[in-house]
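K.L.:
Sequence:
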Amino acid sequence: MTTIKRLTAAQLAASVDGLAALLVDAVEDGASIGFLDPAGHLELVAWWQDLVPGTEAGHVIVFAAREDDEIVGTVQLRRATLPNALHRAELSKLVVHRKARGRGLGRVLLSTAEHAARDLGITLLLLDTETGSPAERLYRATGWTEVATVPDYARDPAGVMKPTTFFRKTP
Numbered sequence: 001m002t003t004i005k006r007l008t009a010a011q012l013a014a015s016v017d018g019l020a021a022l023l024v025d026a027v028e029d030g031a032s033i034g035f036l037d038p039a040g041h042l043e044l045v046a047w048w049q050d051l052v053p054g055t056e057a058g059h060v061i062v063f064a065a066r067e068d069d070e071i072v073g074t075v076q077l078r079r080a081t082l083p084n085a086l087h088r089a090e091l092s093k094l095v096v097h098r099k100a101r102g103r104g105l106g107r108v109l110l111s112t113a114e115h116a117a118r119d120l121g122i123t124l125l126l127l128d129t130e131t132g133s134p135a136e137r138l139y140r141a142t143g144w145t146e147v148a149t150v151p152d153y154a155r156d157p158a159g160v161m162k163p164t165t166f167f168r169k170t171p
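Residues in the sequence shown are numbered consecutively from 1, following the UniProt record's numbering.
Any given hint might turn out to be false.
What the hints assert, rightly or not - Simulated pairs of lysine to aspartate or glutamate, EDC-like, Cα-Cα distance not exceeding 20 Å:
| no. | residue 1 | residue 2 |
| --- | --- | --- |
| 1 | Lys-99 | Asp-69 |
| 2 | Lys-99 | Glu-67 |
| 3 | Lys-5 | Asp-68 |
| 4 | Lys-162 | Asp-29 |
| 5 | Lys-169 | Glu-90 |
| 6 | Lys-5 | Asp-29 |
| 7 | Lys-5 | Asp-119 |
| 8 | Lys-5 | Glu-70 |
| 9 | Lys-169 | Asp-119 |
Hints were generated in silico from the structure; no laboratory data involved. Given the structure is predicted, the values throughout are model-derived calculations rather than measurements.
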């Protein structure tokens, strides 16, 4: 059975190994999530550890999906911190482990983050994803509105420059 939970800062700190393993799986599978292949486990552990203070402050909200004791999915909300932008957040790092795909977990994680944003009074969500990716199809299918596509925005895990599509949604 899969459970999804919002992680406290302490829970995030205790989960960095499992979250890093999840990102390694995603990068090895070609997901454009900010890291090049091969993504080192220790590099990704450090990246997750860097999120702990933001989680403690409430600016970063991390959800983890678990099956048994293994993390098989995650998504983040990154709240804006400037006074004129407190109404918005960025949805980031929606990732599902290869062995947990095809069961709708990505949709459930996305819906969980959207509901949390609404509960927090967020009225504008933003995200970006590699153009043509499975994630782009998911966002289109769940009511996200395309804002723009930027060519050569980021490198995929193999180091190839790819276009990125930006989306928005009112939760």
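K.L.:
Each hint: holds or not?
P.N.:
How the hints compare with the structure:
1. Lys-99 / Asp-69: At roughly 14 Å apart (the allowed maximum being 20 Å), Asp-69 and Lys-99 satisfy the hint.
2. Lys-99 / Glu-67: Holds, at roughly 11 Å.
3. Lys-5 / Asp-68: holds, 13 Å
4. Lys-162 / Asp-29: Status holds; Cα separation ~16 Å.
5. Lys-169 / Glu-90: holds, 10 Å
6. Lys-5 / Asp-29: violated, 25 Å
7. Lys-5 / Asp-119: Roughly 15 Å separates the two Cα atoms, so the pair holds.
8. Lys-5 / Glu-70: holds, 13 Å
9. Lys-169 / Asp-119: Roughly 15 Å separates the two Cα atoms, so the pair holds.
Hint compliance for this structure: hint 6 is the single one not met.
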